[in-house]
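Colleague: Sequence:
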Amino acid sequence: MKNAYPIGGVCRQIIKTCERIETMASDTEGFESQNHEALAIMFEDLALEELEHVQKLVLSLTSLVVEGASNGEGEKTEANADDSVFVEGELTEEKTVEKAE
Numbered sequence: 006m007k008n009a010y011p012i013g014g015v016c017r018q019i020i021k022t023c024e025r026i027e028t029m030a031s032d033t034e035g036f037e038s039q040n041h042e043a044l045a046i047m048f049e050d051l052a053l054e055e056l057e058h059v060q061k062l063v064l065s066l067t068s069l070v071v072e073g074a075s076n077g078e079g080e081k082t083e084a085n086a087d088d089s090v091f092v093e094g095e096l097t098e099e100k101t102v103e104k105a106e
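Heads up: the sequence shown begins at 6 in my numbering, then just goes up one per residue.
Hints in this document: simulated from the structure, not taken from any laboratory.
Accuracy of the hints is not assured; some may be wrong.
The list that follows gives simulated cross-link-like pairs (lysine-lysine, DSSO-like), each with its CA atoms no further than 30 Å apart [stated by the list, open to error]: (1) Lys7 with Lys21; (2) Lys61 with Lys7; (3) Lys61 with Lys21.
I would like the entire structure built from these sequences, with the hints used as guidance.
Modeller: Here you go:
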């Protein structure tokens, strides 16, 4: 698949960032139970910042995967004016799956 190396790099960063969010959530709960509200608030803010980073990484990953899976038939796979990596109607198109007997 095209873009395999950058896809792997972005995935690894998503995993690491999610692990940081999980740690911060756990620490925040501990701070709250020990009545350290200032630390709890600070860690909540940090977790929200990390969440924003994950969202940006997921958008990058989506773009890389769509580009890498492009079938070469001229379908638009780069972000359009609306910053979407999907072709118009792609998300609303009903897909059918044939079941093997």
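Colleague: Hint by hint, note whether the structure agrees.
Modeller: Consistency of the hints with the structure:
no., hint, result
1, Lys7 with Lys21, "23 Å, holds"
2, Lys61 with Lys7, "21 Å, holds"
3, Lys61 with Lys21, "14 Å, holds"
Violated hints are absent here; each numbered hint is respected by the structure.
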